[in-house]
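Participant: Residues per chain are reported as follows:
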Amino acid sequence: MSSSEINKNEVDIVIGALNADLTQFLNSWRPFFTGFHLIIVKDPELKEDLNIPEGFDVDIYSKPDMEKVVGASNATMFSGYSCRYFGYLVSKKKYIVSIDDDCVPAKDPKGLLVDAVSQHVSNLENPATPLFFNTLYDPYCEGADFVRGYPFSLRSGVPCAASCGLWLNLADLDAPTQALKTEQRNTSYVDAVMTVPLKAMLPVSGINIAFNRELVGPALVPALRIAGEGKVRWETLEDVWCGMCLKHISDHLGYGVKTGLPYVWRNERGDAVESLRKKWEGMKLMEKSVPFFDSLKLPESARTVEDCVVELAKAVKEQLGSDDPAFTQAADAMVKWVQLWKSVNSSG
Amino acid sequence: MVEPANTVGIPLNHRALLKDELDIVIPTIRNLDFLEMWRPFLQPYHLIIVQDGDPSKTIAVPEGFDYELYNRNDINRILGPKASCISFKDSACRCFGYMVSKKKYIFTIDDDCFVAKDPSGKAVNALEQHIKNLLCPSSPFFFNTLYDPYREGADFVRGYPFSLREGVSTAVSHGLWLNIPDYDAPTQLVKPKERNTRYVDAVMTIPKGTLFPMCGMNLAFDRDLIGPAMYFGLMGDGQPIGRYDDMWAGWCVKVICDHLGLGVKTGLPYIYHSKASNPFVNLKKEYKGIFWQEDIIPFFQSAKLSKEAVTVQQCYLELSKMVKEKLSPIDPYFDKLADAMVTWIEAWDELNPATKA
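From first to last, the protein sequence lines stand for chains D and C.
Per the numbering used here, the very first residue in the first sequence carries number 788; after that it's consecutive.
Per the numbering used here, the very first residue in the second sequence carries number 32; after that it's consecutive.
I should point out that these hints are in silico values taken from the structure, not numbers from a laboratory.
Please read all numbers here as calculations on a predicted model, not as lab measurements.
Please note that a few of the clues may not be correct.
[As the list claims (entries may be wrong)] Straight-line alpha carbon distances no greater than 25 Å define the calculated DSS-like cross-link-like pairs of lysine-lysine that follow:
hint, chain 1, residue 1, chain 2, residue 2
1, C, Lys316, C, Lys355
2, C, Lys148, C, Lys88
3, C, Lys88, C, Lys306
4, C, Lys148, D, Lys897
5, D, Lys1123, D, Lys850
6, D, Lys879, D, Lys1129
7, C, Lys315, C, Lys335
8, C, Lys306, C, Lys316
9, D, Lys968, C, Lys319
10, C, Lys153, D, Lys897
11, D, Lys880, D, Lys1123
12, D, Lys894, C, Lys148
13, D, Lys986, C, Lys88
14, D, Lys894, C, Lys153
15, C, Lys355, D, Lys1084
16, D, Lys897, D, Lys850
17, C, Lys335, D, Lys1084
18, C, Lys113, C, Lys148
19, D, Lys986, C, Lys335
20, C, Lys50, C, Lys113
21, C, Lys316, C, Lys357
22, D, Lys894, D, Lys850
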């Protein structure tokens, strides 16, 4: 799907600004962001003013704006990488594309810059196929189809809730892995989009993601904060938790989650070894989360995304609350998030 | 347009991995000329050729290959009445080769599959890639977004639970095909000119609980881990269905692998599929399958094996009982198939007493 075929009015590009100077970032994305509305949300803990180049259709939100919309106490929900969720909250569009501010467009094997926005929207507009694995990956793309043995009744697919993109150069590895393999860079361009099967869990990365806000907006929850969460991705888990919730809810409601293209080029930031000095809380939390999500069954009566989030929060509190205060806080944040979502979006 | 590789001049691989532990099973009815192109990669290995169709015909094997060949007379002689479980006039007969092999690993390939080129133009040694896939673990319990984490240059991504990073043993390596894609007849009829030109440079584990359509054109597996489940069913002559042999095996294999904690990988390697079969002939063969698979899939998706089923044979026999109970109502064919599944296991255990439960 080329840029000209997308209805740009249906898309918001939401950027969480953890860096004050967005000149290089936005200029590098200019060919692909032009014509789209941008929402830039400044990390409330970032002191400097944002530096944004001319020529973009952009709304900028900083701490005072957040406090006006959600109140001062709730604004803390959106600190650090979670600032982007505020953009998801206030957007009025059908699709959101969200990219970290340390990423620039990648090049495909032919040397052409990848239009990540178009690829994400194309992924979202085409059905997902979570109920049966297609060995030729995305059956709806040019030159491919469902293979022999793929049940015909499953070929119309289900609505796609999210499109999880990937990263060349600095892949989204955790601190121990990156510290061990300091020189490792991801140079492998895997030319495929695929649906993550029903019930399969995956680690969703917030670095390069898009979703259907109309379909699953409230499921993108800014909830899990690890103790000592920092300003580099190695020191966070908020997106991974959000992704587990999103996938579980999508599975429950019959939606699909895709992974693969598009790639972005991720740049150097932070020091993995330095991040290792902090106690790596994330590991323990993930170990507890996996069996929880694996065995979790949302009640059949939960048919809206908001209800699913609330039920999920209840289960988290009941089953994980005693394991770690981070889970109790996550559950509370999820409930609060749904309340905010309802109040902000009812007037829209 | 995509072309096969030119393998002239590629030196024979004298340090071929698992040379004495792997058999290559090839079903054929015509000739084995295609092996000439595969020589640099496959000559070090032992071949098991299963000759389908007229047993009086002589199949010429290119010089220099070490092989054993079985025609229908041999199959009847070796299995006696149990030979009824081996299909005739269908490439499903290849599973006889799995049964008589004495090796740990099997690579099976169709006789119209040539060597593919990777995007750099280099000839793909498909067997080498299959071996790599089988020798390193699978990760079915959590999807890694960077695909095979054990590959050079890859790893587990942030958020991937550390307790799951050891992975499980890999039972199956399912390869893909450039050029003629493995489409069903209706799709072939609608898109006769479509060619697969997309080289997706990834291997991945199919998650636990997920079924897939397994193609037997370019397939490798650990015979010790999953061999008895690789029965390719009753197809061809005298049967109401064809072109569902590998599909059937794949669904059984996946359910059993999920139950036993084994992994199934798909993706690389690619081979170049050169020959498109006749879609009208295919439609006649597949016709019933297209309807039946609508019931077969939910059957496999909900199949639950008991805690007591701890060997592949036990799992397979349990499955055969479920097939008889749940699928026979659809068509008496499934009753026959369930019996054939039992016969297959009996024959397997007879020929492979060491691996019996």
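Participant: Next step is simple, just say for each hint if it's right about the structure.
Facilitator: For each hint, the structure was consulted:
1. Between C/Lys316 and C/Lys355 the alpha-carbon distance is near 22 Å, which keeps this suggested pair within the 25 Å criterion.
2. The straight-line distance between the Cα atoms of C/Lys148 and C/Lys88 is roughly 34 Å, outside the 25 Å bound, and the hint therefore fails.
3. Restraint check for C/Lys88 and C/Lys306: satisfied, since their Cα atoms lie roughly 22 Å apart, inside the 25 Å limit.
4. Among the hinted pairs, C/Lys148 with D/Lys897 is consistent with the structure: their alpha-carbon atoms are about 17 Å apart, no more than 25 Å.
5. Annotation: proposed proximity of D/Lys1123 to D/Lys850 holds, straight-line Cα distance about 18 Å (limit 25 Å).
6. Straight-line distance between C-alpha atoms of D/Lys879 and D/Lys1129 comes to about 13 Å, which keeps the hinted pair within the 25 Å bound.
7. Distance check on the hinted pair: C/Lys315 and C/Lys335 sit about 33 Å apart at the alpha-carbon level, beyond 25 Å; violated.
8. Taken as a hint, the C/Lys306 and C/Lys316 pair is honoured in the structure, with Cα atoms around 18 Å apart against an allowance of 25 Å.
9. Restraint check for D/Lys968 and C/Lys319: the C-alpha separation of about 53 Å exceeds 25 Å, so the hint is violated.
10. The hinted pair formed by C/Lys153 and D/Lys897 meets the criterion: a straight-line CA distance of about 17 Å does not exceed 25 Å.
11. With a C-alpha separation of about 22 Å, the suggested pairing of D/Lys880 with D/Lys1123 holds against the 25 Å cut-off.
12. About 22 Å separates the Cα atoms of D/Lys894 and C/Lys148, which keeps this hinted pair within 25 Å; it holds.
13. Taking the CA atoms of D/Lys986 and C/Lys88, the gap is about 51 Å. The hint is violated against a cut of 25 Å.
14. For the hint linking D/Lys894 to C/Lys153, the alpha-carbon distance of about 22 Å falls within 25 Å, and the restraint holds.
15. Note on C/Lys355 and D/Lys1084: the hinted pairing is violated, with a Cα-Cα distance of about 31 Å set against a maximum of 25 Å.
16. The straight-line distance between the Cα atoms of D/Lys897 and D/Lys850 is roughly 42 Å, outside the 25 Å bound, and the hint therefore fails.
17. A C-alpha spacing of about 19 Å is found between C/Lys335 and D/Lys1084, which places the hinted pair at or below 25 Å, so the restraint holds.
18. With a CA separation close to 42 Å, the supplied pair C/Lys113 and C/Lys148 exceeds the 25 Å bound.
19. Restraint check for D/Lys986 and C/Lys335: the C-alpha separation of about 16 Å stays at or below 25 Å, so the hint holds.
20. A hinted pair counts as satisfied when its Cα atoms are at most 25 Å apart, and C/Lys50 with C/Lys113 does not qualify at roughly 31 Å.
21. For the given pair, C/Lys316 sits about 23 Å from C/Lys357 by alpha-carbon distance, which is consistent with the 25 Å threshold.
22. Restraint check: the Cα-Cα separation between D/Lys894 and D/Lys850 comes to about 35 Å, which exceeds 25 Å; the hinted pair is violated.
Going through the hint list in order, the structure does not satisfy hints 2, 7, 9, 13, 15, 16, 18, 20, 22.
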